[in-house]
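One line per chain: the protein sequences are A and B, in this order.
Quick note: the first sequence uses the working numbering, first residue 105, plus one each step.
Quick note: the second sequence uses the working numbering, first residue 105, plus one each step.
Treat the hints with care, as some may be off.
Identical copies go unnamed one by one, so any copy, or any two together, can satisfy a pair.
[As the list claims (entries may be wrong)] Taking lysine to aspartate or glutamate and the EDC-like style, the derived pairs with C-alpha atoms no more than 16 Å apart in a straight line are:
no.: 1; residue 1: K164; residue 2: E547
no.: 2; residue 1: K492; residue 2: E482
no.: 3; residue 1: K243; residue 2: E563
no.: 4; residue 1: K310; residue 2: E175
no.: 5; residue 1: K628; residue 2: E223
no.: 6; residue 1: K306; residue 2: D327
no.: 7; residue 1: K549; residue 2: D327
no.: 8; residue 1: K513; residue 2: D315
no.: 9; residue 1: K384; residue 2: E175
no.: 10; residue 1: K429; residue 2: D355
no.: 11; residue 1: K420; residue 2: E223
no.: 12; residue 1: K537; residue 2: D186
no.: 13; residue 1: K429; residue 2: E175
no.: 14; residue 1: K513; residue 2: D624
Hints in this document: simulated from the structure, not taken from any laboratory.
2 protein chains.
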Amino acid sequence: MKLHGQNFIGNTLSGNGNQTFQGENPATRTKLETDFHEATSNEINEAIAKANEAFSVYSKKSGKEKAGFLEAIADEILALGDDLIKRCMEETGLPEARLIGERGRTMNQLKLFASVAREGSWVDARVDFANPDRQPLPKPDVRSMFQALGPVGIFGASNFPLAFSVAGGDTASALAAGCPIVVKAHPSHPGTCELVATAIVKAVEKCDMPDGTFSMVQGPSVDVGMGIVRNPYIKAIGFTGSFRGGKALFDEANKRPEPIPVYAEMGSTNPVIILPEALKERKEAIAKDLTGSVILGTGQFCTNPGLVFVEESPEKDEFKSLLTKSFQEASSAVMLNSGIQKAYQGGIKSLETSEGVNVLAKGIDGTEGYFATPYAFETTVDNFLKDKHLEEEVFGPSTLLTTIDQKEKLVQVIEKLSGHLTITIHATESDLKNYQHIIPLLEKKAGRLIINGYPTGVEVCHSMVHGGPYPATTDSRTTSVGTMAITRFARPVCYQNFPQFLLPDELKDENPLHIWRLVDGEIKQ
Amino acid sequence: MKLHGQNFIGNTLSGNGNQTFQGENPATRTKLETDFHEATSNEINEAIAKANEAFSVYSKKSGKEKAGFLEAIADEILALGDDLIKRCMEETGLPEARLIGERGRTMNQLKLFASVAREGSWVDARVDFANPDRQPLPKPDVRSMFQALGPVGIFGASNFPLAFSVAGGDTASALAAGCPIVVKAHPSHPGTCELVATAIVKAVEKCDMPDGTFSMVQGPSVDVGMGIVRNPYIKAIGFTGSFRGGKALFDEANKRPEPIPVYAEMGSTNPVIILPEALKERKEAIAKDLTGSVILGTGQFCTNPGLVFVEESPEKDEFKSLLTKSFQEASSAVMLNSGIQKAYQGGIKSLETSEGVNVLAKGIDGTEGYFATPYAFETTVDNFLKDKHLEEEVFGPSTLLTTIDQKEKLVQVIEKLSGHLTITIHATESDLKNYQHIIPLLEKKAGRLIINGYPTGVEVCHSMVHGGPYPATTDSRTTSVGTMAITRFARPVCYQNFPQFLLPDELKDENPLHIWRLVDGEIKQ
Chain A
105 MKLHGQNFIG
115 NTLSGNGNQT
125 FQGENPATRT
135 KLETDFHEAT
145 SNEINEAIAK
155 ANEAFSVYSK
165 KSGKEKAGFL
175 EAIADEILAL
185 GDDLIKRCME
195 ETGLPEARLI
205 GERGRTMNQL
215 KLFASVAREG
225 SWVDARVDFA
235 NPDRQPLPKP
245 DVRSMFQALG
255 PVGIFGASNF
265 PLAFSVAGGD
275 TASALAAGCP
285 IVVKAHPSHP
295 GTCELVATAI
305 VKAVEKCDMP
315 DGTFSMVQGP
325 SVDVGMGIVR
335 NPYIKAIGFT
345 GSFRGGKALF
355 DEANKRPEPI
365 PVYAEMGSTN
375 PVIILPEALK
385 ERKEAIAKDL
395 TGSVILGTGQ
405 FCTNPGLVFV
415 EESPEKDEFK
425 SLLTKSFQEA
435 SSAVMLNSGI
445 QKAYQGGIKS
455 LETSEGVNVL
465 AKGIDGTEGY
475 FATPYAFETT
485 VDNFLKDKHL
495 EEEVFGPSTL
505 LTTIDQKEKL
515 VQVIEKLSGH
525 LTITIHATES
535 DLKNYQHIIP
545 LLEKKAGRLI
555 INGYPTGVEV
565 CHSMVHGGPY
575 PATTDSRTTS
585 VGTMAITRFA
595 RPVCYQNFPQ
605 FLLPDELKDE
615 NPLHIWRLVD
625 GEIKQ
Chain B
105 MKLHGQNFIG
115 NTLSGNGNQT
125 FQGENPATRT
135 KLETDFHEAT
145 SNEINEAIAK
155 ANEAFSVYSK
165 KSGKEKAGFL
175 EAIADEILAL
185 GDDLIKRCME
195 ETGLPEARLI
205 GERGRTMNQL
215 KLFASVAREG
225 SWVDARVDFA
235 NPDRQPLPKP
245 DVRSMFQALG
255 PVGIFGASNF
265 PLAFSVAGGD
275 TASALAAGCP
285 IVVKAHPSHP
295 GTCELVATAI
305 VKAVEKCDMP
315 DGTFSMVQGP
325 SVDVGMGIVR
335 NPYIKAIGFT
345 GSFRGGKALF
355 DEANKRPEPI
365 PVYAEMGSTN
375 PVIILPEALK
385 ERKEAIAKDL
395 TGSVILGTGQ
405 FCTNPGLVFV
415 EESPEKDEFK
425 SLLTKSFQEA
435 SSAVMLNSGI
445 QKAYQGGIKS
455 LETSEGVNVL
465 AKGIDGTEGY
475 FATPYAFETT
485 VDNFLKDKHL
495 EEEVFGPSTL
505 LTTIDQKEKL
515 VQVIEKLSGH
525 LTITIHATES
535 DLKNYQHIIP
545 LLEKKAGRLI
555 INGYPTGVEV
565 CHSMVHGGPY
575 PATTDSRTTS
585 VGTMAITRFA
595 RPVCYQNFPQ
605 FLLPDELKDE
615 NPLHIWRLVD
625 GEIKQ
């Protein structure tokens, strides 16, 4: 499939800008063919104007229609076949099996949100019937439901070139909610973005969705992203990426004449706490599996565990030896791009030179491409409590083991933690009974708590929370994975004293869509 | 009941500050007895530290326990008896019947949120069972529910000294969610605030809730409010008041090292559109009832209609005469305080001197106190479209009638509108059929759409949305009236692979609380 390097202004291709850039193969450090045209501000504004036009039609599509559209996107992505996987491998250095798996996940996400849109109860329909005889004043007929928020700007991540990119979770949830989207393609995999965009436009046309339901603009400049955030028609932003990037969008969105919500998932260090009995029982397995979770995807997930806490004990020393060995045997692997490699190397250097931090183990160095060598560091709890930088994310295959010399300091550590996506505990049943008091403390610090598992591998399901207190995200009240994500792109609208024919189907007396509703305070179907 | 003028640092009274202020009777312009001590920054921080301590206990109280507490607050407010009504009349100039009604509403709000907490399904419990046999990877056990966000700062409004003040809607919803609160008392009714705070502290003690579940600080200085917003333990802000005040809190909250959500309800001009057939049929009634809605509560509700649109027609001229007459006969009434009167007078002057705006009618001038004289203005649609200031809220009993000379310009007017709490249409059935196309446009502009009613009189029920796009509020995804308001003060927390004994009751296999849950994607009780 030949790439064209243009922007998608709705269903129309456009490459008016003079600035171009290329993809790069991080495994070979060679530029890939195709010049991609950075979108001009005119192109960006045109795409958003189209999204605004499309909103009035697209937002009124039925749940069934939106579901068919999302499923068509999934089909069209699959129909791209090996071309997509091949280009994506070239642009990201990620292995084929991972990308085939990620494509499956991407399609499943689209289908899951299709099922939510089709079923329809997500709109939280509420009906309170009138009571003209109420004293001292008659009670009016009042009904409400979630309606789509408006055009949404979506910033994909480099680390999930399919599942968190052009047709990723933010796209699936925004389209399911009824919002047209304008995607900023990630400059680290522009060809992959173009292929997926082509699939989405095909689905737009096949399903007869309005032109402007989907647009995608290319470009590495900050201006492209800010052009989306500043446009008054844009009503929300979905973002997955770095703290710096997410915070910049958040600040810009709040400076607008009309501030808008920014759902930025900015990563986390995902602390792991290994309790004493578990360490006794399973130190070998934990050392091995923890290493696997740290280096999974070359440590480029939002959920790789970058902090490990264990209490001082003879078993801790054994565990430390096991972890050391396991990291020493860990292979390097290619990172997504040179910028990420550079940041990782900077993070490693910063830990190496931090007072009170020692290198525990270094993995096997790579030889080519933008590789990253796994690292394990160690420090003391007093040092960890003193140096807040040690909690910051080093994006890549490294982790920091902190030894807690007095049991009481575990609570101090937890209370000092800032917000994370996940916190994991390894524990036996007796550990959990002895340490039950830390659970409510952990609830305040993360979106997801895991017992005897690993934070990598985020299940896409109704109950998943991939979010957490700041700085893990800019909005702890939401999630970017799981079906609850749809509510980010909607707001409640209330209809008072409306005749039946003017009410949305969701709110009509006879409940024609057969959805679950709150009727005079009772949940009913 | 003798007032003490002190701050409530949890259950302890404290008046360490040297700055004091007094309430004022706006009907007589006389200062009321009792010196109130403005809270020092130490007192503010102490109150918030107590709230943070209380959080770990209070947030784990069962729905039943929180319900009992909210009901006890309602009982204690009623037990204040006439003392409360009397002091509130003195401080606000509002009539007795209104305040007795508002006390009833305040109690009903507390009881409604008690019922929501007791029933328990609001937590959106989700359970996805494990499937160890799933290929290619086993499915983990994942469950989630809303948990309380943390200590909340609440800023009451002057215009509802009971229902949107110390024990108002924000208080009821935050306490129902499990959040301790620190209230900034409104300096326009400090004695009323103190009495209600006394009632809440009694309920805290009777129900054995932790000290710090409720605090209240006094003071007119900006520093008092900002001291709450800036404190790192505070995790959300509820506010009802002016655009200027709400926006200042919003900006400050976003500048914090950890930004927090601000739910500011900042008012609205509540456009009313009178369609042609309705005008023919009911011009007398509309002129009369519209005047009533504009001047209700001396125009000091968030929902008084400040903009009226009618199409040019012979009936419009008759309507204009009727409205003129009705405003000319409208009496003045006392406003809440001198600042509000001054702002109203400024707003009137600004409209009087606006190009293309004429005074249609002036009501009967008052004689004493901080009175406000009703005003009706008129302008043309072209002038309205040109001058964006005409859409701004003039808080008080005034309204602006805009005549639309060409039918098509109604759509232009709607598209130009910024966010409002409400938009009202007066229409016959044939009007609604002829103007059906404007409904989706209106949905984008307001939280609540009303047909053949008036925006004043906000029903407290499950489906109410008292919110709307910016600048009506800082968060259009929420409401400050109605039971959905509880979700503002919660965030989802996910539990992966938790043993039964560590799960919250809401998420246990056997559903001991018998709440509605989403189990493997199906809604079940």
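Results for each hint:
Taking the closest pair of Cα atoms, K164 and E547 come within 16 Å of each other only across two copies (12 Å); inside a single copy the shortest separation is 38 Å, beyond that limit. In this homomeric assembly, K492 and E482 come within 16 Å of each other (Cα to Cα) only inside a single copy, at 15 Å, whereas the closest approach across copies is 61 Å. Proximity of K243 to E563 under the C-alpha cut-off of 16 Å is restricted to the inter-copy arrangement: shortest distance 7 Å between copies versus 45 Å within a copy. Proximity of K310 to E175 under the C-alpha cut-off of 16 Å is restricted to the intra-copy arrangement: shortest distance 11 Å within a copy versus 56 Å between copies.
Taking the shortest alpha-carbon separations for K628 and E223, both the intra-copy value of 14 Å and the inter-copy value of 15 Å come in at or below 16 Å. Taking the shortest alpha-carbon separations for K306 and D327, neither the intra-copy value of 28 Å nor the inter-copy value of 57 Å comes in at or below 16 Å. With identical chains, the CA atoms of K549 and D327 are never at most 16 Å apart, being 34 Å at best within one copy and 29 Å at best between copies. Within a single copy, K513 and D315 get their C-alpha atoms no closer than 58 Å, and across copies no closer than 26 Å, so neither meets the 16 Å cut-off.
Taking identical chains as interchangeable, the C-alpha atoms of K384 and E175 are never at most 16 Å apart, the minima being 48 Å within one chain and 50 Å between chains. Taking identical chains as interchangeable, the C-alpha atoms of K429 and D355 are never at most 16 Å apart, the minima being 44 Å within one chain and 50 Å between chains. In this homomeric assembly, K420 and E223 never come within 16 Å of each other (Cα to Cα): the closest approach is 51 Å inside a single copy and 47 Å across copies. With identical chains, the CA atoms of K537 and D186 are never at most 16 Å apart, being 51 Å at best within one copy and 52 Å at best between copies.
In this assembly of identical chains, the alpha carbons of K429 and E175 never lie at most 16 Å apart, being 46 Å within a copy and 61 Å across copies at closest. In this assembly of identical chains, K513 and D624 lie within 16 Å of each other by CA distance neither inside one copy nor across copies; the values are 50 Å within and 39 Å between.
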